[in-house]
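A.B. asks: In case you want the letters, here they are:
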Amino acid sequence: MAFQEIKLYQTGTFVAGNRLLDPDQRSVQARMGRSNSLTSGHRACQGCGEALGARYVLDAAMRATEGNLVAVNSTGCLEVFSTPYPESSWQLPWLHSLFGNGPAVAAGVAAALRARGRDDVRVIGQAGDGGTVDIGFGTLSGMFERNDDVLFVCYDNEGYMNTGVQRSGATPPAARTANTKALGPEPGNAFGQGKNVPLIAMAHEIPYVATATVAELRDLEYKVERAMSFRGARYLHVFVPCPLGWGSDSADTIRLARLVKETGMFPVFEAEHGEVTEVSKIRRQVPVEDYLRLQKRYAHLFGDPGRPDIVARLQANADRNIARFGLLPEGDE
Amino acid sequence: MFAVRIHGRGGQGAVTAAELLSVAAFDEGRHAQAFPTFGSERTGAPVVSFCRIDDRPIRLREPITDPDALIVQDPTLLHQVNLFAGLRPDGFLVLNTSRTLPDLGLEDLVRRLTPEHAVTVPATEIAREHLGRPLPNAALLGAFSALTGQVSLGAVCDAIRDRFPGEVGAGNARAATVAHEHVRTSLEKMAGGRVAGA
Amino acid sequence: MLSQVEGSQAVARAVTLCRPQVIAAYPISPQTHIVESLSDRVRTGELAGCEYLMVESEFGAMSACIGASGAGARTYTATSSQGLLFMAEALFNASGLGLPVVMTVANRAIGAPINIWNDHSDAMSMRDSGWIQLYAESNQEALDLHIQAYRLAEYLSVPVMVCMDGFVLTHAFEQVDLPTQEQVDAFLPAFVPQQALDPDDPVTIGAMVGPEAFAEVKYLMHAKQMAALDEIPLIAGDFRDAFGRSSGGLLKAYRLDDAETVVVALGSVLGTIEEVVDGLRDEGIAVGVLGITCFRPWPVAEVREALSRATRVVVVEKAFAVGAGGIVGQNTRDATRGLPVEVYDVVAGLGGRPVTRASLRRLLDEVLAGQVDPQRLHFLDLDLELVQRELERSRRGKRPGPHAEHMLRDVGTVASGAYE
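Protein chains in written order, with the numbering used here: chain P, 110 to 442; chain S, 318 to 515; chain C, 24 to 443.
These are computed hints drawn from the structure, not numbers from a lab.
In this text the structure is predicted, and so the values were computed from the model without any measurement.
Careful: at least some of the hints might be erroneous.
[As the list claims (entries may be wrong)] Among the chain S residues that face chain C by a calculated CB cut under 8 Å, a handful are:
(1) E336
(2) F343
(3) A349
(4) A351
(5) R373
(6) E379
(7) L426
(8) R428
(9) T465
(10) G466
[What the hints assert, rightly or not] Some chain S residues near chain C, calculated using beta-carbon distances under 7 Å:
(11) V340
(12) G346
(13) R376
(14) R378
(15) T393
(16) S469
Virtual Cβ for every residue (Gly too), placed ideally from N, Cα, C.
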C-alpha cells in the first residue's frame with residue numbers, strides 16, 4: 110500500500126474513515142474487510158492509546174500477511190484487558206507467556222513455523238515498555254542478535270501501568286509515577302540518561318527499526334506493512350498515551366501523541382541496518398510546556414512556584430532531539 | 318574387576334586415556350566404565366581419571382580409591398599429590414619418565430610392589446618422536462597393555478584410530494606400539510635377570 | 024547397537040532420534056556436551072528439520088520452547104542448577120499452559136556457594152513446578168527415558184524433565200544400546216499438538232484466570248500429573264516390548280521381596296547401593312533397594328506397597344530442605360504412614376561428594392545396630408570437626424564472613440587428596 114499522500118490536518122478528521130478517498134488509498138481500519146484482530150469488548154480504559162495502537166498495528170499486519178499471522182504478547186495492560194477469562198478479544202492466534210520473555214517466545218514460534226515448513230505464517234511480538242525496555246530487554250537483545258524473523262512492537266506508555274503506574278526505564282524525566290512522586294528536591298522521575306531502545310535496536314543492525322505515534326495512524330499502518338516486507342528482526346516503537354497513568358483527559362490521547370512529536374520530545378523516524386532512512390519532520394514546533402500542561406503527571410512543574418528550571422531542562426532535551434535527528438525542515442531550526 | 322587410576326595434568330590427555338582404555342576393553346567384549354574427576358577446565362592443573370574393566374556390568378559409581386593399576390602421566394606430580402594412595406601391594410604402575418624409579422626417589426615404593434608390575438616408559442619422548450607433540454597418553458596406554466594384559470595392543474590402537482582420524486591417529490597408534498614394545502622388552506629383561514641371578 | 028560412548032553423547036543421540044523440531048539451549052556445566060553435540064548433529068544434517076536457537080539465557084531457552092511448542096513443534100532443551108532456577112518462572116508457565124516440552128536436567132548443586140558438581144538440589148527445588156520428574160540410574164536409562172518422555176509428555180500434554188546425575192553420568196563412558204531410527208519412529212509417532220497457534224483456527228493461549236476458575240485449573244493440572252502414574256508403567260511396558268529391555272517405570276525393586284531393611288534412593292547412586300546390598304546379602308542380612316524413577320508425580324501407593332513388608336527404610340538422598348529436613352524422606356514417610364516401619368533419612372553426596380561403598384556400608388551397619396536416631400536428619404560423611412570449629416569460631420565472634428571461605432581455609436587447597 111502506498112504511503113498516504115493526503116494529510117488529515119488538511120482535510121479534517123471527518124476523513125478519518127477515508128470516505129472521500131479512493132478505496133485503495135483508504136487506511137486498513139477504514140476497510141470493511143479489516144480483520145478486527147483486537148475486537149471490541151475488551152476492558153481497556155476510555156481513551157487508551159495502547160488499545161488504539163494495537164488495533165491499528167494488528168489489522169495492518171494481518172492485511173500485509175493476508176491473515177497468516179501469529180501474535181505473542183508479554184504480560185501487561187494489553188494482555189490483561191484483552192483476555193478477561195473466559196473471554197478474549199483476539200481474533201488471531203495469540204500466545205501470552207510471561208512478562209520478560211515476549212521476544213524469546215516469539216522467536217520460538219517463528220522457529221517452529223519454519224521447522225514445520227510454514228514460514229508463510231509471520232510472527233508479531235508485542236509488549237508494553239516494561240516488557241520491552243526493562244524486564245524483557247535481555248530476551249529482546251537476543252532476538253535482535255539472532256535476527257529472528259519477528260516484528261516486535263513496543264507500546265510505550267512510559268510506565269508500568271498495569272500494576273498501578275510505577276516508573277519504568279522508559280519513564281521520562283520529572284514525570285510523576287506511583288514510585289517517583291512529586292516529593293523532595295527532585296520531584297518526579299530522575300533525570301537519567303534514558304534508554305533509547307529504537308537507537309539500541311539500530312545498534313543491533315537489524316533490518317528495520319521505526320518509531321510512530323497514535324496521532325498519525327496512517328503512518329503507523331504504513332510502518333507495520335513496511336516492516337512486514339522484511340524478513341529478520343524488526344522493531345517498532347509506538348508512543349501511546351495513557352490517560353489514567355498520565356492524568357490526562359481521555360479525549361486528549363491523540364492530541365498528546367501529536368504534541369509529543371511536534372515538541373521534538375519523541376522523534377519519529379525509520380532506520381534500516383543501523384542507518385536512519387526517513388525522518389518525519391515536525392510541521393510546526395511547539396514548546397514542551399504545551400504538551401506537559403495537559404498531564405497531571407507533570408502538574409508539579411507548574412503553578413506557584415512551579416519548577417521552570419525542570420521545564421527548561423525538558424525543553425533542552427527536546428531541542429537536542431531536534432538537532433540530533435534533524436526534526437525540523439531545513440532552515441527552520 | 319580391574320580398576321585403573323590415571324594421574325596427569327590438564328592438557329595431557331588423562332581423561333581421553335581413560336576413555337580410550339574403556340573403548341578398547343569394550344571392543345574386546347568386556348564391560349568398562351571411564352570417568353574423570355570433574356572440575357573447571359584448566360590446563361596444567363592435576364587431573365585424575367578412572368577406568369574400571371570387568372566381565373559383568375559395572376554398577377559402582379565412586380572414584381577409585383583402591384586401584385589395581387596406576388598410570389602416571391607426569392612425574393612432576395610425584396611429590397605433590399599422594400598418587401599411590403590405595404594401590405594394591407601387587408598392583409601395577411606405569412610411570413612416564415626417562416629416568417628410573419630409584420632415581421626418582423621411589424625405592425620404598427618399588428620395594429612394596431611386585432617388581433614385574435612397575436615399569437617406567439619415556440612416553441613423552443616417544444610421543445614427540447612419533448606424533449610430534451609431547452602428548453604421552455597413547456604411549457602410556459600401549460605400555461599399560463604390555464604390563465597388565467588387560468587390553469590388547471590391537472584394541473588400544475583401534476580405539477585410538479577410531480577417535481583420531483588420519484595422521485594424528487596413526488601417529489598415536491605408533492607411539493602406543495613403540496611404548497608397548499619398550500615395556501615388553503623391559504619385562505623380558507627383568508625376568509631374564511632374575512633367572513640369571515637365581 | 025551396543026556402543027561405548029559418553030553419557031552426554033548417548034542422550035544427544037536419543038534426542039536426535041526423537042526428531043525434535045526446535046531446540047533452544049544455553050550452555051551450563053555439566054550439560055554442555057549434550058547441547059554441543061546436538062548443535063553438531065543439526066549442522067551435519069543428522070538431525071534434519073530442526074531449528075536450533077542460540078538463546079541468550081536459560082530463561083530465553085525455556086521461553087523459546089514455550090513459543091515453539093505452542094506453535095505445534097516438538098521441542099527440547101537442557102540445563103542444570105543455576106540455569107534451571109533462572110528459568111523457574113518459565114517452568115511453571117510451560118506446565119500451566121500444558122506444553123509437552125522435554126528437558127534434560129544434568130543434576131548439579133545450587134549455589135551459593137557456587138558448586139558445579141552433582142547433587143539433586145536443582146531438580147528438587149523445582150519439584151512443585153508441575154513438571155513430571157524422571158531420574159535415570161544409568162546412561163542407558165537416561166537415553167531410554169528421553170524417548171519415553173516424549174511419548175508421555177505428548178500424550179498427557181505435560182512437560183517432562185529427565186534427570187541424570189551431572190558429570191557422574193553425563194561425563195562417564197559406558198556401554199549403551201542405541202536404538203535405530205526405525206525403532207524410535209515406531210515407538211514415538213509424530214507430534215500431534217492438543218492446541219496450536221494456527222491462523223486457520225485461531226486460539227487465545229495464556230489468558231488471565233481469576234478466583235472464579237483458578238482452583239479448578241490447578242486441580243486439573245494435578246489430575247493430569249496423577250494420570251502419569253498409570254501412563255508411565257504402560258509406556259515402560261511398551262518400551263520393553265519394542266526395545267527388549269526394562270527401562271523407566273515408576274520404581275525399581277532390587278532384592279526387595281524378603282527385605283527387612285530397604286534403601287530408597289534416586290539416580291546413579293543406586294548402582295553403588297546395589298553393590299553394598301549384595302555384600303550384606305552375602306552375609307545373610309535381608310536388605311533390598313527401592314529405586315525411585317518417577318519422583319513427580321510421587322507414586323505414593325506404589326511406594327507404600329513396595330515398603331509394606333519392611334521394618335526399616337533408609338532414604339539416601341542428594342538434597343534436603345534447608346530448615347526443614349529431607350525431601351525424599353518426607354515423601355517416603357508420607358507413603359509409609361501407619362505402617363510399622365522406621366524411616367531413616369540420610370543426606371549424602373551434596374555438592375559432588377562421592378557416595379562410597381564404604382560409607383554406605385558403615386551407615387547400614389549402624390542402622391542395623393540401632394545406633395541411628397530415626398527422628399533426626401543425618402548427613403553422611405559430614406566432617407563434624409570442621410563444622411564444630413566453624414561454629415565455635417562464630418560463637419567467639421572472630422573473623423566475620425561466609426562460612427565457606429573459613430572452612431576452605433581449614434580444608435586446604437582443592438588439589439591435595441581431592442579424589443580420596
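A.B. asks: None of the hints should be skipped; say for each whether it holds.
C.D. replies: How the hints compare with the structure:
1. At a threshold of 8 Å, the smallest CB-CB gap from E336 (chain S) to chain C is about 5 Å, leaving the interface hint in force.
2. A cut of 8 Å between beta carbons decides the hint on F343 (chain S): the least distance to chain C is about 4 Å, and the hint holds.
3. At a threshold of 8 Å, the smallest CB-CB gap from A349 (chain S) to chain C is about 7 Å, leaving the interface hint in force.
4. Because the beta carbon of A351 (chain S) sits about 4 Å from the nearest beta carbon in chain C, less than 8 Å, this interface hint is met.
5. The beta carbon of R373 (chain S) is not positioned within 8 Å of any beta carbon in chain C (closest approach about 11 Å), and the interface hint is therefore violated.
6. A distance limit of 8 Å between C-beta atoms decides the matter here; for E379 (chain S) the minimum to chain C is near 5 Å, and the interface restraint holds.
7. Hint status for L426 (chain S) relative to chain C: violated, with the closest Cβ pair at about 18 Å, above 8 Å.
8. Taking 8 Å as the C-beta contact cut-off toward chain C, the hint placing R428 (chain S) at the interface is violated, the least distance being around 23 Å.
9. Because the beta carbon of T465 (chain S) sits about 19 Å from the nearest beta carbon in chain C, more than 8 Å, this interface hint is broken.
10. Restraint check, G466 (chain S) versus chain C: the minimum CB separation of about 20 Å is more than 8 Å; hint violated.
11. For V340 (chain S), the shortest C-beta to C-beta distance to chain C is roughly 5 Å, which falls under 7 Å, so the interface hint holds.
12. Proximity of G346 (chain S) to chain C is violated relative to the hint, the smallest CB-CB distance being about 10 Å (cut-off 7 Å).
13. Because the closest C-beta pair between R376 (chain S) and chain C is about 3 Å apart, less than 7 Å, the hint holds.
14. Below 7 Å, beta-carbon pairs count as interface contacts, and R378 (chain S) has one with chain C at about 5 Å; its hint therefore holds.
15. The interface hint given for T393 (chain S) is broken, as the beta carbon of that residue sits about 13 Å from the closest beta carbon of chain C, more than 7 Å.
16. The beta carbon of S469 (chain S) is not positioned within 7 Å of any beta carbon in chain C (closest approach about 16 Å), and the interface hint is therefore violated.
In the structure shown, a violation is registered for the earlier hints numbered 5, 7, 8, 9, 10, 12, 15 and 16, in ascending order.
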